[in-house]
Structures are given as C-alpha cells and as structure tokens.
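Engineer: These are the residues of each chain, in order.
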Amino acid sequence: MAIIVVDVMLKPEILDPQGNAVASALPRLGFTFANSVRQGKRFEIEIDGEPTPAQLAEVEKAAEVLLSNPVIETYVVRVEK
Amino acid sequence: MSLDTVAIAQSTPENKQPFAELGLKPDEYARIKEILGRRPTSSELAMYSVMWSEHCSYKSSKVHLKQFGDKAPISDALLVGIGENAGVVDVGQGYAVTFKIESHNHPSFVEPYQGAATGIGGIVRDILTMGARPIAVMDPLRFGPANAPDTRRVLPGIVAGIGGYGNCLGLPNIGGEIVFDETYAGNPLVNALCVGVMKHSDIKLAKAAGAGNLVVLFGAKTGGDGIGGVSVLASETFGAGGSTKRPSVQVGDPFVEKILIECSLEIFAEDLVVGIQDLGGAGLSCATSELASGGSGGMKVALDKVPLRDPSLSPEEILMSESQERMCAIVEPQKLQRFLEICKKWDVTVTAIGEVTDGERLEITWNGEVIVDVPPRTVAHEGPVYNRPLAQPAYIDEVNKQKITLPILNSASDIKAAVLKLAGAPNLADKSWVTSQYDKYVQGNTIQSQPDDSGMVRIDESTHLGVAISTDANANWSYLNPYQGAKLALAEAARNIATAGARPLAVTNCLNFGSPEDPGVMWQFAETVRGLADGCLEMGLPVTGGNVSFYNQTGPVAILPTPVIGVLGVIQDVRTRTPMSFNVAGLDLYLLGDTYEDFAGSEWAFLNGERVGQTPTADLAREIRLIELLLEGHADGLFKAAHDLSQGGLSAGLTEMVLRYFVGATITLGNVGIELLSESPGRVVVAVNAGTSQALSQLATKYSITLSKLGTTGGDSLIINDCIIPLSELRTAHTSTFPTLFG
Numbered sequence: 009m010a011i012i013v014v015d016v017m018l019k020p021e022i023l024d025p026q027g028n029a030v031a032s033a034l035p036r037l038g039f040t041f042a043n044s045v046r047q048g049k050r051f052e053i054e055i056d057g058e059p060t061p062a063q064l065a066e067v068e069k070a071a072e073v074l075l076s077n078p079v080i081e082t083y084v085v086r087v088e089k
Numbered sequence: 206m207s208l209d210t211v212a213i214a215q216s217t218p219e220n221k222q223p224f225a226e227l228g229l230k231p232d233e234y235a236r237i238k239e240i241l242g243r244r245p246t247s248s249e250l251a252m253y254s255v256m257w258s259e260h261c262s263y264k265s266s267k268v269h270l271k272q273f274g275d276k277a278p279i280s281d282a283l284l285v286g287i288g289e290n291a292g293v294v295d296v297g298q299g300y301a302v303t304f305k306i307e308s309h310n311h312p313s314f315v316e317p318y319q320g321a322a323t324g325i326g327g328i329v330r331d332i333l334t335m336g337a338r339p340i341a342v343m344d345p346l347r348f349g350p351a352n353a354p355d356t357r358r359v360l361p362g363i364v365a366g367i368g369g370y371g372n373c374l375g376l377p378n379i380g381g382e383i384v385f386d387e388t389y390a391g392n393p394l395v396n397a398l399c400v401g402v403m404k405h406s407d408i409k410l411a412k413a414a415g416a417g418n419l420v421v422l423f424g425a426k427t428g429g430d431g432i433g434g435v436s437v438l439a440s441e442t443f444g445a446g447g448s449t450k451r452p453s454v455q456v457g458d459p460f461v462e463k464i465l466i467e468c469s470l471e472i473f474a475e476d477l478v479v480g481i482q483d484l485g486g487a488g489l490s491c492a493t494s495e496l497a498s499g500g501s502g503g504m505k506v507a508l509d510k511v512p513l514r515d516p517s518l519s520p521e522e523i524l525m526s527e528s529q530e531r532m533c534a535i536v537e538p539q540k541l542q543r544f545l546e547i548c549k550k551w552d553v554t555v556t557a558i559g560e561v562t563d564g565e566r567l568e569i570t571w572n573g574e575v576i577v578d579v580p581p582r583t584v585a586h587e588g589p590v591y592n593r594p595l596a597q598p599a600y601i602d603e604v605n606k607q608k609i610t611l612p613i614l615n616s617a618s619d620i621k622a623a624v625l626k627l628a629g630a631p632n633l634a635d636k637s638w639v640t641s642q643y644d645k646y647v648q649g650n651t652i653q654s655q656p657d658d659s660g661m662v663r664i665d666e667s668t669h670l671g672v673a674i675s676t677d678a679n680a681n682w683s684y685l686n687p688y689q690g691a692k693l694a695l696a697e698a699a700r701n702i703a704t705a706g707a708r709p710l711a712v713t714n715c716l717n718f719g720s721p722e723d724p725g726v727m728w729q730f731a732e733t734v735r736g737l738a739d740g741c742l743e744m745g746l747p748v749t750g751g752n753v754s755f756y757n758q759t760g761p762v763a764i765l766p767t768p769v770i771g772v773l774g775v776i777q778d779v780r781t782r783t784p785m786s787f788n789v790a791g792l793d794l795y796l797l798g799d800t801y802e803d804f805a806g807s808e809w810a811f812l813n814g815e816r817v818g819q820t821p822t823a824d825l826a827r828e829i830r831l832i833e834l835l836l837e838g839h840a841d842g843l844f845k846a847a848h849d850l851s852q853g854g855l856s857a858g859l860t861e862m863v864l865r866y867f868v869g870a871t872i873t874l875g876n877v878g879i880e881l882l883s884e885s886p887g888r889v890v891v892a893v894n895a896g897t898s899q900a901l902s903q904l905a906t907k908y909s910i911t912l913s914k915l916g917t918t919g920g921d922s923l924i925i926n927d928c929i930i931p932l933s934e935l936r937t938a939h940t941s942t943f944p945t946l947f948g
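The listed protein sequences correspond, in order, to chains A and B.
Residue numbers for the first sequence follow our numbering, so the first one is 9 and each next one is one higher.
Residue numbers for the second sequence follow our numbering, so the first one is 206 and each next one is one higher.
These are computed hints drawn from the structure, not numbers from a lab.
No residue lacks a Cβ here, since even glycine has one placed at the ideal position from N, Cα and C.
Residues of chain A placed beyond 12 Å of chain B at every Cβ, according to the derived structure: (1) Gly38; (2) Thr40; (3) Ile55; (4) Pro59; (5) Pro61; (6) Ala65; (7) Tyr83; (8) Val87; (9) Glu88.
Using C-beta positions, here's what the derived DEER-type ranges look like: (10) A:Glu54 <-> B:Asn352: 31 to 37 Å; (11) B:Ala225 <-> A:Glu68: 36 to 42 Å; (12) B:Ser637 <-> A:Asn43: 44 to 50 Å.
Extracted from the complex, chain A is given alone in its bound form (with noise of 0.2 Å):
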C-alpha cells in the first residue's frame, strides 16, 4: 500500500485571503515568528501496492481537472511510503 500525495498551492502571485486572516492571528495570540502565511491543500490518495507511472500520471490528470484549479493554483504529486 502506499500513498499518493497531491499538495495544491494557491500560485505564489495570487491574493490568499485564509493565509493572511492566519498571518495576523498568529501575533495576536504572542506567535510572531511569521513574516507571511500562505494556505493550501493536501489530498491523500491510498492505492494498492507500489505505483505505477501510469497511475501516477493518472493522478497528475486528477490533479489538474479535480484536485486544484490550474488557472490560480499549483500541486505537485508526491508518493509517500
């Protein structure tokens, strides 16, 4: 069994409104250690067995018509053991 990893980013250029709200409550509550914040996604996907190129390339299909929206955010797919 493994995992399929699939974390999605907003691109760097694009506003991300949930990492700023999360960037100016860190100090708040005496965190402030961050200069920004930016949040994303990340989707785990279970298969069987090792995978294959072919399933991982599957996945990056996935990835851009499902998993993330390619006209503001990017993923990279990764395989986790």
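Please build the complex by placing chain B on the supplied structure of chain A, with the hints as guidance.
Structural biologist: Okay, now just chain B, sitting in the frame of chain A:
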C-alpha cells in the same frame, strides 16, 4: 527592467515601445506622443493603454450614449446624473438611492468563482464611493445551453462566487435573471447590480479639489492581480490559444471589503473626505487620473509609497494592478490624523501617497524620479472617440420577413404538454437551485426577492419607505429588432416595479454586445441606445448611468444583443405592496392588456427552434397608462395579487402564480393557443376580491386598458378549459430542471 523616466523618454525618442501588445492602435500611440510632445514613458504608456481601452474609455459607444443626456426627460428625481461612479435618485423623506449595473463577463469565463465574486466587489465599491451604504445586490446572468458541458463548469462557479462574496458582505441578493442561449457558450454574461441608500447631504463625488489636499490610498495592499486585466481581458476576443493570454486572476476578499465599507462609512459620517474613488478596472491609473480631472487637474503621487503585497512589482505593474478592495480618497491635511485613526480602528492599511497641486499635470514619481507627467484629462476623459461604421446586418430582413410556424394546440393533452414544457424549460424553470445559494434576507429588510416580479427592500424602518428594482432583457427580441427590444425591456422592467405598487423613477443599464468593429454589431448597439433613450424620454425615466460591455463573442459569433435594463422605483409603505400571487381561493382573476399573435422571440418559439418574425411594437403610452392603473389600484387596496406576463406568456405567468402559494386556478380561454403562449407586451394578471370587479372595470375604463376575465382561484389544480394539471405535477416539472442539470 530599468526605470523609464520622463528624462529618459525625452532623450531617447527613438525607443521602440510595445504599444500594439498593450492594445493601442498606431494612430492612438501617435496621439499620445502628440499630447506629450515626446514618446511616453513605459508607465505613461501603461496608463494610456489601459485608460484608452474600450472598457474604460467607451471609445466606440460614447457617440451613441450621448443620447441619454440629449433626450433626458425632465425629472426632479435625479440628484446626480451620468458620469459619476453611479447616479443618485431622490426617493423622498430625505433619502437618496444610488444604483448601477456593471458587467464582469470575461473574467467570469476565465475563473468563474473569482470573476463573479470580484464583479460583486467592484459594483459594491462603486455604490460606496457615492457615500451610500450598499443595501442589496442583483445578478442578471446569461449562459450557454443549459445542458452544455461548459455551462456545468461555468454556472455553478459563478453562482457560488456571487453567493460567497455577497453573503460574506451581508448584502441580500434580491433578484436577477438566468437565461440560456447557445450564443453565450464561451462568453457567459455576469452582470451585477448594487443599490445603496444615503441621506441627500451625504452624496460624495469623485473629484480632487483644493491644492495641498492629500491623496490617500486605503484598503488592501497592491499585488499583481489582473495586471492588464482591463485592457487585455475586456477588449480582446477570446480566440484560439486563449490560455496563454490569461493574466493573473483577481482574487476577492469579502471580509476586507466589509471592513472597508464600514470604515468608509465612518469616514464619510465625520466628513473627512473631499472626493473619493474606488480602484476597479485600471486600478491606480484610473483613480488618480479621474480624481485629478474631476478637480482642478493637478496631482503629485509618489508611487513608491504604495503598500505592496508583492515587493517585486514594477511601477508600470503597480499602475495597472487591479487588486481588489482598495479605495483612494482626497483628504484635507488637518483631517488626515482622524482619517488615519479610523483606518487603524478598522485595521485598514492606509497611506498618503501624494497631494493635489494647483497645476494641470498629473505627476507620478518613483523614488524621486518623474515617471509620469501628463494632463490627466487626456488620460481619463479625452481618450479617442470612434464613430465606428454601422450597417444593418443582412439577417434582419431575412428573419423579419419569415413567418413562424408553431405547433397548434388542439386538445387538452396538447395544452397540458405545452404548459408543462414551458414550466420546465431552463429559461422559465424554478431558479431556487441558484437563488437558495444567495442570502436573500440578511439585514432583515428584504420584502421581495426571486421569484417575485421585482426585488424590494425597506430603507426606513419607522416609515416603511422602500425601493423596488427589476432587471430585464429579452435578447431574442433585441436580435429581431434591437430598437423595439430595448423599449420593450424598459417597459417590462418598469411594469415589474409597478405590479408591486412601486412607482418607477430611474433607469440604469448594462449593454452587452459583440465586437464594435463589426458594423452589424455596432448597428445593433446604436439601435438599442436609440430605442432606450427614446423609451426613457417617453416614459419620463432618466438614465442614471450604466455600463457597456463589448467584444462578447467567441470567434466570429457575437452574443445576442443583450441590453439589461434596470428600473428602480419607490413605494411609500412596503407593508402595502401587492404580492405576485394569491394564497386564498375564491378570488377573481383578470388579464389587463391585449393579447395578439406575438410569437416572434417568444420562449415557445425558442423551444421550437424558431428565432424569426417581427417583434411586437412597444406602445409606451399604453404602458404608462397600465402603470398608472396598477398604482391607483394598489393605492385603493384593490389588488390581492398582480403578476407581469413576459417570457412564456400567460402559461408561465399562471404557473408561477399557482405554485407560489400552491393554490390552483380555473381559467377559461377562447383561442387557447394564442392566449396561453403569446408574449404580447404590456399585460398583467391581477387577482381581486369577487365583489370588487366593478371597481377594477372602472379603473380599466379610466386608463383605457383592455380588461378580460380569466377565471377564479382555488383548488389543487391549474385548470385551463378542459385541461386539468394537478399542481403537484406542475411543480415537479417546474422545480426539477435545475437540480437535474446541475446536481
């Protein structure tokens, strides 16, 4: 990229500049050089290119739009007319109301959710800048065929975007339209209307008067959002390879906008601004040049002081950025301290970026070096004006001379099939799937919303004064005859206000068309404007402002000419409004108005694949009499219900009425095929108490409006002659369309 200053521009006149890529024509570029007496700097070129784009300069429409001023009816109601961010109308009791529609069509096709969301944000700020508190929004929408795959991508995204942004702002969405037609595939129309209310004394204008006053930027920080969005997105047709043309999308943050609204209203209440402008399309280029030309003309801005989200932005990009939720105010120096305090209280970023000067130049510097030095009027108001060639397209004569052939209703089962087909047609079906995603009741002042004839909100909780708004367009009629189409849409919107008992006062519009470089499209546009201006003059309704959206086409195919007309009216006491339907049995149902064989451009014709024939001719004198009749009957408390007939004719009108409160009706018709399905304009179904028919008949005689008895209310079926349609069956047909199509 090295900084291009005025000094460098003077010394390097031969430098090649990418004016064509920015959408400027060679003669427009030559004119900029003539105005400046040198080549423009790259920052100046950015400003001129974006401000002289079709979207900002109205260069193709200006010569026609003049008619709204030239033919303006005399009206006491208009406090601020065309030219400001939005027109302002007097509604009595010291209240003024401002309303406007804008389009956000192209951005919503690229990224439906954010495009629609920022469309709401932009129109709300337009209303806010007049000094008004925004109180409601409406959204007229047009999509490709309901069952097309791309519609399933675009529609849910746009609806979610409107709901997401509007609901977060706490603004009720009180109506709009949803229409499907194949010409909108690849070019949906997303128009957004906002209405705001204020006291007369609170009206604010976009001007920068008084040398020494400060130019203050407040709201969100500036990022790379939608750079060139206005000129590239709004002025170029989508073609092959569209993805490479996509600039970065503007993302809206409704919570920042909400704070900006409250912050601005507090600043207005303390009278801290001389002039104000929101940053929408063309961002700082637009705000600085328009504020400066609205005042004496002189302004100095230090662009490096603009707070940035992305520090790598170049001056050109800062000038063109369309980052949302930003405003620009002109503030007297002694009031700056208080202004800053209020911004701090609301946690709004604020920076003084320049000052008004007594010169006539807009001068923008970057770290001390002059990068823009222009006469602001040449940027904002004296852009190119085109008298584009226009010619009646060949299709007009062709479609007008054709006769429509439609199926004839012979039997009870034919009638039933037609009523059910219309009830479930995407253009007429129940829209709750969409409108239930919008908050209709937030703020607690909503009196009417979808599916009523108009949206209505209370503006004073003690006197119950209210305003009603309706937006209408029948693109099929405009396609067959744009002049009549505009007049008919105007009449319909006004009628939709009057059925509830509100008096129509003023008009706004959003004119959605194909490419102005096509003489046929330009003719459609010119005829539409002529029709609307003539109609407004005849009905005594001033146009308070509006928006033109050109280049709505995919390849060579233009959208149907779609002039969305918004009419605003006032009602003295919202508690007395006439509802659109009846909730008791035993009322008499009457039809006001005449029914002819008007099938051209009708929904019945559309469903049968016909878009030919001649539209009805608008009889606005009769429309005015009908409106006066409705208002007098309302004042007398005569009507238990009143509902306008438009798309889908009597069939759709009765469907909406009986399903509203689930009370049936028994109707007797003569020539059932015509009476049920024709879309003759100027018709209203009213319900009255059985004993008051005499009073109704006197009213009809007084205003010379044809009155005919339709039947009575009651039962759990809609019965038309010998055809019986159980309400449950009718409801299933009416309500299942959208859930089936869109999940």
